[in-house]
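**Student:** As a plain string of letters, each chain reads:
Number of protein chains: 2
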Amino acid sequence: MYLGIDIGGTTTKMGLADSSGTFHSENSFNTTSYSSSDQFLSALEGEIIRMVSLSGVQLQGIGVGAPSVNFHTGIIENAANLGWSGQLNIKSHLEDFMSCPVLVTNDANLPAIGEMIYGAAQTMQDFITVSMGTGLGCGIVSNGNLVGGHHGMAGELGHINVKPNGRKCGCGRRGCLETYVSATGLKRTLFKLLADYNGGYSELEEFAFDEISAEKITEAALRGDNIAIKAFNYTGRILGMKLADLLLITDPEAIFLVGGLARAGKLLFKPTTETLMDAKLDTYENTVEVLPSKLPPEKVSLMGACGLIAHGDLFGKTARDKTILERKSL
Amino acid sequence: MYLGIDIGGTTTKMGLADSSGTFHSENSFNTTSYSSSDQFLSALEGEIIRMVSLSGVQLQGIGVGAPSVNFHTGIIENAANLGWSGQLNIKSHLEDFMSCPVLVTNDANLPAIGEMIYGAAQTMQDFITVSMGTGLGCGIVSNGNLVGGHHGMAGELGHINVKPNGRKCGCGRRGCLETYVSATGLKRTLFKLLADYNGGYSELEEFAFDEISAEKITEAALRGDNIAIKAFNYTGRILGMKLADLLLITDPEAIFLVGGLARAGKLLFKPTTETLMDAKLDTYENTVEVLPSKLPPEKVSLMGACGLIAHGDLFGKTARDKTILERKSL
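Chains as they are written, first to last, in the numbering used here: chain A, 1 to 330; chain B, 1001 to 1330.
Calculated from the structure, these hints are not laboratory results.
We treat Cβ as the ideally placed atom computed from N, Cα and C, and that holds for glycine.
Warning: the hint list may mix true and false statements.
[To be verified] Partial chain B-side listing against chain A, Cβ under 7 Å, derived: (1) Val1147; (2) Gly1149; (3) His1150; (4) Glu1156; (5) Ile1160; (6) Asp1245; (7) Thr1250; (8) Phe1269; (9) Asn1286; (10) Thr1287.
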């Protein structure tokens, strides 16, 4: 059995699965209540003991997804979303604690791994997943391998620039993609539109900024609320423009839109796809599809964490070291 | 011996090299004088006969770089720069003609292959080359492998969007990066600046649009011409902004600036690097260097073509097929 762990800003999810990705037990706990990495680690280890040791299974490895983690070293570095700062070598701590192999990756890569091993990308060599929730993350697969980057920090698509001097981003800069394209970005766009239209156009005018959510905007749009629909169109247009750029860089055969915001379905997919097809270079005609995930949305990341460790020889160090050895022997 | 062929819009260069990348003979011919792919192919085959057969060497393979070529199929498809349209399967034609293996790749990938096998990137797994000449091309290496893309069309960085409704591009769209960052882009920027300043500020005011070149602008800048220097600063700022985005996508340890425009040295490197370091996300502090090539600028692409075939097992089909077989057997 393999243990998958998906460390998020709000919740940490855990699942015990076999190598086919079928979960035998699942668990989760609140991530926000810890003020240091030590406290968080103790809580995590307690949950692992409860889940693994008490169930008596033989653990073959742990796969971990976390924000701001270095794929190669296994260190979480100053994760802005995690309530504590500094470094946590989650890989070496868990390896010592459970005496089994541990592989870690940026949480934005988990859906890509999930789709590649268990989902709609099983036969694909070159594809991209764009995960839109509170922020925007991205997993890129090229030649059948995850593009990890030299410091394990590839795929930070959420912070590419959309507009110089655009919206203020949590990273300290302005105009990042995720300030427009994410659940949070959609809400900001809605409020910009409400300001533009000055009342009388939307059922969402009755909600405070603190009360509105992507779900509320989706429901209103599905009921035909014009401003809510416009907010989705604006979001999709910006995403489509940036996907047209991404097409030029990695030439994928499919782009999967996943995460909370993708549940809005056609409301998001239609303007995104139309803009992408319109904006792309002619030579990419019929080369790419924008697709939804085929995995359960609430499980795709956890399946990715299990897949990472169950089939880790497909990514990671092995392939890298082999290539550089071959090159050094030239 | 291996034959490298670099098919460019103006000139096709050829070189016979051993596996260490040392050339034993070189040749080139004008590409512009052929109005069909058949005529071009006949001329190319004539040159190969002269170069290879007459020299009596045993050819172990041919590596080819060409514009708009599909890495996987070996087909040149509607190359806008090549004076003829339609498709040319350069791989199968040359394989039949010379009875030896042939590997082809987009010409923008050649400098990346050259640097990886013979140049400054020999110990690198994750890096990017940006080649700036008439246009702008890009080679991306991730996990020690070339990012080829599903249709062999990755790395078309020259056509990512800089400004909606920006400068008219040869591809039919507007605002592409290469309309700003290339030898041609530099010239356009110079003329925009001359228009802005309205005379009396630059020695370059005496030249017609048809007469000006990146070399002339470089020479003027080196002599202290303020408008020529501003043109380089503007070019470098746009390149630096886009490299900051690229950093987020593939997280390279180095970005090599190569090709004709890179010969301007500090004039281009300084504003590019300063902008990149200023615009990048904080977490990429000290993660990347902007570097010049260590190979002779006029030979780097041809060395890449030879390296592609001499060490083709490092890229291409082998690794791809292996990965998908492993995944299918899960």
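**Student:** A separate judgement is required for each hint: does it hold in the structure or not?
**Tutor:** Cross-check of the supplied hints:
no. : hint    : result
1   : Val1147 : holds, 5 Å
2   : Gly1149 : holds, 2 Å
3   : His1150 : holds, 4 Å
4   : Glu1156 : holds, 4 Å
5   : Ile1160 : holds, 4 Å
6   : Asp1245 : holds, 4 Å
7   : Thr1250 : holds, 5 Å
8   : Phe1269 : violated, 20 Å
9   : Asn1286 : violated, 10 Å
10  : Thr1287 : holds, 5 Å
Violated hints, listed in ascending order, are 8 and 9; each of the other numbered hints is respected by the structure.
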